[in-house]
Each structure stands twice: as C-alpha cells, then as structure tokens.
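Peer 1: Sequence lines, in order, name chains A and B. When the letters of the first sequence are read in order and numbered with this note's numbering, they come out as residues 40 to 418. When the letters of the second sequence are read in order and numbered with this note's numbering, they come out as residues 34 to 427.
Among these hints, one or two may not hold up.
Okay, derived cross-link-like pairs now, DSS-like style, lysine-lysine, Cα gap no bigger than 27 Å in a straight line [to be verified]: (1) A/Lys79 - B/Lys364; (2) B/Lys147 - A/Lys299; (3) A/Lys192 - B/Lys345; (4) A/Lys292 - B/Lys378; (5) A/Lys192 - B/Lys384; (6) B/Lys363 - A/Lys292; (7) A/Lys139 - B/Lys377; (8) B/Lys364 - A/Lys292; (9) A/Lys76 - B/Lys384; (10) A/Lys139 - B/Lys287; (11) B/Lys296 - A/Lys139; (12) B/Lys345 - A/Lys292; (13) B/Lys377 - A/Lys192; (14) B/Lys147 - B/Lys296; (15) B/Lys378 - A/Lys139; (16) B/Lys363 - A/Lys79; (17) B/Lys377 - A/Lys292; (18) B/Lys384 - A/Lys79; (19) A/Lys76 - B/Lys287; (20) B/Lys378 - A/Lys304; (21) B/Lys345 - A/Lys252; (22) A/Lys139 - B/Lys147; (23) A/Lys76 - B/Lys378; (24) A/Lys252 - A/Lys53.
Worth flagging that the hints you see were computed from the coordinates, not collected in a lab. It should be emphasised that the depicted structure is a prediction, and the values quoted were computed from it without experimental measurement.
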Amino acid sequence: MLEESARIQQRLLKGQANLLQIKDVDTGTTPRELVYKQDKVEVYHYRPEGRDVVPVPLVVVYALVNRQYMMDIQQDRSLFKKMLDRGIELYVVDWGYPSKADKYLSMEDYIAGYMNDVVDFVRDRAGVDKVNVLGVCQGGTFSLIYSALFPEKVRNLVLMVAPVDFDTRDGLLNVWAQVLDADLMVDVLGNIPGEFMNLGFLWLRPFQLILDKYVGLLDNIDDPAIVQNFLRMEKWIFDSPDQAGETIRQFIKDLYQGNKLVKGKLMLGDRRVNLKKVTMPVLNIYGEQDHLVPPHCSSCVDELVGSRDVTTRAFPLGHIGMYVSSRAQTDLAPTVADWLITRSAASPETERTAAPRQGAAQGTGKRTRRTKRSTRNES
Amino acid sequence: MAREGDNANDLMSTWLDWQREFFGDWLGAATKGAESAMWPGRSPFDAFGDWQRNWMRSFFGPLGARAPEEGLGGAVFRRVADASSAYVDLVNVWAKSMALLAQMPPGTTLSADKVKELYDQWLKDYQSMMGSLWGAVPSDDVKDTAKAYSEAAGVWAEQAWRFMEPVFKNLEQAPQTISRMAQGDAGARMEFAGLLRKNYEDTLGRVLRAPTLGFFREFSERANRTADAYVRFNAALSQYFVPFYQTGLRAGEKVFQRLMEFKGKEVTPQTLREFYRIWWTINEDVHFQMFRSEEFTRLLGEVVRAGLLFKKQFDELSDEIVGLTNLPTKKEMDEVYRSMYELKKEIRSQKRAIQELERRLAVEVSQAGSSAQGRTASKRSPGTDGMPAGGDQR
Numbered sequence: 040m041l042e043e044s045a046r047i048q049q050r051l052l053k054g055q056a057n058l059l060q061i062k063d064v065d066t067g068t069t070p071r072e073l074v075y076k077q078d079k080v081e082v083y084h085y086r087p088e089g090r091d092v093v094p095v096p097l098v099v100v101y102a103l104v105n106r107q108y109m110m111d112i113q114q115d116r117s118l119f120k121k122m123l124d125r126g127i128e129l130y131v132v133d134w135g136y137p138s139k140a141d142k143y144l145s146m147e148d149y150i151a152g153y154m155n156d157v158v159d160f161v162r163d164r165a166g167v168d169k170v171n172v173l174g175v176c177q178g179g180t181f182s183l184i185y186s187a188l189f190p191e192k193v194r195n196l197v198l199m200v201a202p203v204d205f206d207t208r209d210g211l212l213n214v215w216a217q218v219l220d221a222d223l224m225v226d227v228l229g230n231i232p233g234e235f236m237n238l239g240f241l242w243l244r245p246f247q248l249i250l251d252k253y254v255g256l257l258d259n260i261d262d263p264a265i266v267q268n269f270l271r272m273e274k275w276i277f278d279s280p281d282q283a284g285e286t287i288r289q290f291i292k293d294l295y296q297g298n299k300l301v302k303g304k305l306m307l308g309d310r311r312v313n314l315k316k317v318t319m320p321v322l323n324i325y326g327e328q329d330h331l332v333p334p335h336c337s338s339c340v341d342e343l344v345g346s347r348d349v350t351t352r353a354f355p356l357g358h359i360g361m362y363v364s365s366r367a368q369t370d371l372a373p374t375v376a377d378w379l380i381t382r383s384a385a386s387p388e389t390e391r392t393a394a395p396r397q398g399a400a401q402g403t404g405k406r407t408r409r410t411k412r413s414t415r416n417e418s
Numbered sequence: 034m035a036r037e038g039d040n041a042n043d044l045m046s047t048w049l050d051w052q053r054e055f056f057g058d059w060l061g062a063a064t065k066g067a068e069s070a071m072w073p074g075r076s077p078f079d080a081f082g083d084w085q086r087n088w089m090r091s092f093f094g095p096l097g098a099r100a101p102e103e104g105l106g107g108a109v110f111r112r113v114a115d116a117s118s119a120y121v122d123l124v125n126v127w128a129k130s131m132a133l134l135a136q137m138p139p140g141t142t143l144s145a146d147k148v149k150e151l152y153d154q155w156l157k158d159y160q161s162m163m164g165s166l167w168g169a170v171p172s173d174d175v176k177d178t179a180k181a182y183s184e185a186a187g188v189w190a191e192q193a194w195r196f197m198e199p200v201f202k203n204l205e206q207a208p209q210t211i212s213r214m215a216q217g218d219a220g221a222r223m224e225f226a227g228l229l230r231k232n233y234e235d236t237l238g239r240v241l242r243a244p245t246l247g248f249f250r251e252f253s254e255r256a257n258r259t260a261d262a263y264v265r266f267n268a269a270l271s272q273y274f275v276p277f278y279q280t281g282l283r284a285g286e287k288v289f290q291r292l293m294e295f296k297g298k299e300v301t302p303q304t305l306r307e308f309y310r311i312w313w314t315i316n317e318d319v320h321f322q323m324f325r326s327e328e329f330t331r332l333l334g335e336v337v338r339a340g341l342l343f344k345k346q347f348d349e350l351s352d353e354i355v356g357l358t359n360l361p362t363k364k365e366m367d368e369v370y371r372s373m374y375e376l377k378k379e380i381r382s383q384k385r386a387i388q389e390l391e392r393r394l395a396v397e398v399s400q401a402g403s404s405a406q407g408r409t410a411s412k413r414s415p416g417t418d419g420m421p422a423g424g425d426q427r
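Excised from the complex, chain A in its bound form (with noise of 0.2 Å):
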C-alpha cells in the first residue's frame, strides 16, 4: 500500500511537469472556411477534396449545449473527416455563446429565424432547392421541428441521438427536468449558466466522471498521445455555453415537463409542430447506452414522423461514443454517408434553381458556389 501511495506520488508528479504545461490542445482542426455570421451564429464550410461529390450539401445542427468540434474532436476521430472523405460538403452551424444581451432568445429565434436563415444561405449558396440536415442531440430535436415546419428545404433528414419523446425516467436529466422550477430559474438567472448543466452532467456519473477517469490518467500519464487526447475531452466537455433563458425555459417546460413535441402540441411562436408534415427521408441513429438521452427519447421517431422512409439504427455505444469512439469512425459514420449518398442522387430538384435567391444570404464568403456547383454536374 505504501508502494501504491509513492507510485501515486510520483505519477503526480510526472502529471504536474506534463499537464501544466500544456495551455490548449487544438480541436476541430479539419480545414474550413468561415462563410456565413449572424449575430453570434456562424456557418463552417468543410469541402470535400475529391471530384465526386454529393450533389446535396448536408448541413450540421449541433446542440447548443456544448461545442460542434466534437465531431471533429482530432484528424482519427472525426466524423466530419469520414463524411468529407466520402464527398460530403458540410455547412456546420456554431450557435456561439450567448452572453446576457441573448437571454430573450427563444427556440423560435434559433429554430425559425437563424436555422432558416442558415438553410436559406446554404441553399443558395450551393444552388439546391433543398439541403440534407443533420441534427445532433438538442441540435436533432430542433432539426425535427425545423423539418416540420420548413419541409420543402429538406431533402433528408439524419437526427443523430436526438431526444424528442421525454416521458421517461430511464434518464436522470428527464426526472429532475420534472422538479425544475424553469420560470423561476430563468427569471432569476438569464441565461442558464454552463456551469449549471454541466453540474447536472458530472452527476449523472459521479464517481466515474469526478473520480475514476482522472485516476485512470495517471496511469498514462507518461503518454503524450494519450495525454493529448484527454485534454481534448476534457477542453469539449467543460467548453459550455451558457443556455439562453428563454430556449431553455420553453425547452424544459413544453419538452422535458409537458412531453408537447410527441403529443402534437408544441408551439413555435403561432405556429403548432405538427410531425406528421416531417415527410421526407428521415435516418434515426441512436445509443443503447446514451444516458444523457435514453433510447427511449429517440426509438419513436419512425411512429411520429409522415415519412415512409425512416431508418432507425442502434448502436451499442454511449452518448459521446457516438461521436468519438473507433465503432463511430468504422461503424456509424459510412451508415450516415452511405443513407445520404443513396437519397442525394441528382434530381431535378438538386439541381441549380433558375432564378437566383436574390439577397437570402448575409454570408462572409464569396459565391462561387453555383460555378463549382456547374462543374460539378459535369463531372
């Protein structure tokens, strides 16, 4: 035992020269070109370095818990990569961090006025009537809504690890989402701090994530690369934005309390989310062992939605493993892009609109799009 504490000690040390050294490890690191701001929001353009190129651009809805570099977490683990490497373009939405001037913003505003606004610049941009959209998590639930409502800008739709049934207990945030007095905390608070959630995360899993991970550290502690990419974690996992107090406080009430999104009864400003209008291809991807969202939160999609083509697929990972473990590099990602490629053949409706959408962007980026988009149909 005492041979046990000196190892510790000595490991602790090793810790100490390596860690406190490293300021920032970099994350998200696959090229891309800032081509659209709004506010705090920003678009991502990933482009695909090959010739042979899906015609229908996909564009990336993270969640606004958390950052979107998780999908692009390090150059071997990166589902952006993976998706690019099949010919993928991407068009990834950054929410930012909401300061207190944001605290009024509601789902509406993110859902209807800036993911709108964001499909609108892709769509013209790329020249497409409509755009592949994948949701991510909250990212997925606001991705449903928005193909709700806007149904005739979404070719398909992929919601990945997407809460939209919150009647259950299988999950610790769907119970004490129960207790939550959201009027008073956003009243109260404004913005909901990240600190705040990120609390409730860490005790979903308290002593794996408090205790056990950290120690297992210090068994690597030598390992530069291992190292690395625990920081890298780490930096994701603590990088949380604040929630804007009124999405969040619409969130927990009419979702997490009021389950409103399945019962057909959520409002979105004055207009009702009705799912059956979800009528386009829809891919379903979920975790057997998600304990953010449960499987629960996610396996209905196929009896909620107005598509008859829904694909639903379980993996046996867990909430981040989606994103981050080999089975996600080798197993997940090829499901993603071969469901899109199938459904993104050319189409008269892939194809460039006759008349320009005069004005729909307010993007940083310069339009070459619709020439790349010529020479693309050539090819």
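Place chain B on chain A using the hints.
Peer 2: Structure of chain B alone, referenced to chain A:
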C-alpha cells in the same frame, strides 16, 4: 446500529456546531455593526460579492471553478490531483481494512457480534473517507458562505438577536428526534433538519420577514428578506445532503460485504485496484438509485428553488445598492437587452422581407427581359419561332 447512531450524532453535532458558529458570527458582526456602520476596510460590495461567490460555490462545488487562468493542463491537473487524493484516502481505508481482515484467520468462523464489531470499526474509517470525498455536512463551502453571510448581513439584523434564544430553546424538542436517529431511524434525520427549519421559521425567520421602521426601512426590509432567503437556502442545502449521508452508509455496507472476498488474499497493487473498482462501481450504482428516487428529486427541486429565491432577493438588494450609484441596475440592463433583442428581431424580419421583394423583383425583371427580348425578336423577324412573343403583342 449503535455505530450508525454515533455517526448520526456526529452529523448532528457538526450541524449544531455550524449553527452556533453561524449565528455566533452573525451576532459578532451585528455587535460590530452597532459600533460601526461599515466593515473596516471593506465595502458592502465586497461582502455581497463574497455572498454571491459562495452561493455559486455551494451550487457548483463538486465541479469547482472553471479556472481558465491556469490553462487547460493546469485545470486538468487540479482535477487529477483531487481524484488522486480521494484514491489515496481509499488506499488508507484499504490498509485499515486489511488489518481488520487479519483478525479473521482463514478457516475460522466469526460470530455475528464480532463481524458487527469489525464492521462498525471499519465503517467509521470508511465514512470519514467518504466525508472527505463529498464534503462534510455541512460542507466547507457552506461554512464559508455562513462566514460571508455573517459579515454581510449582520449590520441589518441586530434586532433579530433577541430571538436567537427561542431558536435554540425550541431545539429542546430535538432530543427525542436525536434518540431516534441514534437508533438508526433514517427518517429522524430528515425530521431533525425539518425541525431546525421550522424553529427558524417560527422565530428568527418571522423577524426577518416583519416590517421595519425608519429612514432605511425599505432597504432594511429588503436586506432582511435576503437574509431570510439565505437561511432558507442553507436549510434546504442541509436537507439536500442528508440522502448523501444515508446513501454513503448503504454503499459502505455493500463495500464491506465485498471486502470479505479479499480475506486471505495477498495484498498487491492488483488487489488494491480491484477493491477500488468495486468501491466506485458500487457507489456509482447506489448513488444512481438515490439520484432517481422521488425523495432526492424533491430535495433537489427544493434546494434549487431555495437557491434561486435567495439569488432573486440578493439581486434586488444589489439593485438597491447599485441604484445609489450611476451604474445601471440589473432591471435597467434587462430593459436594454429586451430592446436590443426586439430590434434585432425586427431587423431580421425586415431583411427577410427585403430579400423576398428582391427575389420577386429579380424574377419579374427576368420575365420582363424575356418579354422585351421576344418583342424585339418578333419585330426583327416576325413569327420566326412560331411562339407567342408575349402579352404586349396582344
């Protein structure tokens, strides 16, 4: 269980000590406040800042501060060091456990009383280790908060001290509850925490919520309401931690049962690691069951609500102070944020309308251009394509 009773008494005495310290500090500050209206070397903002920070720490304690200033590696090292500290504590428990197991030679059967005695002995060490992991009840953060509170609120609460005696007098009801706690009645702990709260509500709480007189009446009342909300928050926080204590005991029993598997085994780093794995997985499982229980969920809701109500009162009090300066209050800033939001929304809507008009215009210009082209073409070579040249030909 007698030993559990001891632990319950420990818990209770810690709680009482804290209460005494808490009110004692408050009384001290109030006395000082009577001598001097200001804190020496500190502005009210300092005290309120402490209050706010400690409230945040009470909520975010296990996570710790974000600490970006030390860099990512530094922050992670701090977490590793904290986890290692808990691990080393467990190693110490393991060492003591091995000494206990040595009292059970292989092949011997111990009496139930002896096993119980060993268990009680073991549990004390185990609980001490768990206490360092979760923080004692109340945690250091709560104590810090109490200290900040005593500094911040004492000045306005002088009149409340007359009512301190009834608070403790009413606690004379506690011995029955304490006795039940000593007999292992888990519900008694909850009852005890509830009793403290009730006594507070009936005495000091009533004072703090009562109307006051004088030039600073509004401010004084607001400060008292804040103090009242703060005490309620801490009462809720104390009740919130009770299930952790109970769950720790439950997990301890399970860990002890599994510890028997190590009887007679050679002590190696591998066996230690195995014990560690058993320890944290059992705790994870038992705590998960606690987290999803209705009781914990209710307490969670209450503590969050109490914390928010305190924050609400605190913000209003802060606004009162800030209002004396030329700085904008939270309410005023909210008005600015609201206006900004509405303006942005309006601009976005106008932009969309303009874009739509531009799109329609482009289509019309395009159609008009086609028509004009057709008209010109028909003038140059009438009827060349055999198609109608356009509406203006009619």
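Peer 1: All the hints need checking, so say for each whether the structure fits it.
Peer 2: Each hint tested on the structure:
Restraint check for A/Lys79 and B/Lys364: the C-alpha separation of about 24 Å stays at or below 27 Å, so the hint holds. Distance check on the hinted pair: B/Lys147 and A/Lys299 sit about 58 Å apart at the alpha-carbon level, beyond 27 Å; violated. Taking the CA atoms of A/Lys192 and B/Lys345, the gap is about 44 Å. The hint is violated against a cut of 27 Å. Distance restraint check for A/Lys292 and B/Lys378: the Cα-Cα separation of roughly 23 Å lies within the 27 Å cut-off, and the hinted pair is therefore satisfied.
In summary, the hint linking A/Lys192 to B/Lys384 is supported, as the alpha carbons are separated by about 19 Å, within the 27 Å threshold. A hinted pair counts as satisfied when its Cα atoms are at most 27 Å apart, and B/Lys363 with A/Lys292 qualifies at roughly 25 Å. Using a Cα cut-off of 27 Å, the hinted pair A/Lys139 and B/Lys377 holds, with the two alpha carbons roughly 15 Å apart. This hinted pair checks out: B/Lys364 and A/Lys292 have alpha carbons roughly 24 Å apart, not beyond 27 Å.
The straight-line distance between the Cα atoms of A/Lys76 and B/Lys384 is roughly 14 Å, inside the 27 Å bound, and the hint therefore holds. The straight-line distance between the Cα atoms of A/Lys139 and B/Lys287 is roughly 47 Å, outside the 27 Å bound, and the hint therefore fails. Taken as a hint, the B/Lys296 and A/Lys139 pair is broken in the structure, with Cα atoms around 58 Å apart against an allowance of 27 Å. The suggested pairing of B/Lys345 with A/Lys292 holds, with an alpha-carbon distance near 20 Å, which does not exceed 27 Å.
With a C-alpha separation of about 24 Å, the suggested pairing of B/Lys377 with A/Lys192 holds against the 27 Å cut-off. Of the pairs offered as hints, the one joining B/Lys147 and B/Lys296 holds, with about 15 Å between alpha carbons and a cut-off of 27 Å not exceeded. For the hint linking B/Lys378 to A/Lys139, the alpha-carbon distance of about 16 Å falls within 27 Å, and the restraint holds. Of the supplied pair hints, the one linking B/Lys363 and A/Lys79 holds, its CA atoms being roughly 22 Å apart against a limit of 27 Å.
A C-alpha spacing of about 25 Å is found between B/Lys377 and A/Lys292, which places the hinted pair at or below 27 Å, so the restraint holds. Distance restraint check for B/Lys384 and A/Lys79: the Cα-Cα separation of roughly 17 Å lies within the 27 Å cut-off, and the hinted pair is therefore satisfied. Straight-line distance between C-alpha atoms of A/Lys76 and B/Lys287 comes to about 55 Å, which puts the hinted pair past the 27 Å bound. Distance hint between B/Lys378 and A/Lys304 is fulfilled; the C-alpha atoms sit about 25 Å from each other, no more than 27 Å.
A hinted pair counts as satisfied when its Cα atoms are at most 27 Å apart, and B/Lys345 with A/Lys252 does not qualify at roughly 36 Å. At roughly 62 Å between alpha-carbon atoms, A/Lys139 and B/Lys147 are farther apart than 27 Å, so this suggested pair is violated. Pair hint A/Lys76 plus B/Lys378 holds up; C-alpha atoms about 15 Å apart against a cutoff of 27 Å. Between A/Lys252 and A/Lys53, the direct Cα distance comes to roughly 17 Å. Compliance with the 27 Å bound is thereby established for this hinted pair.
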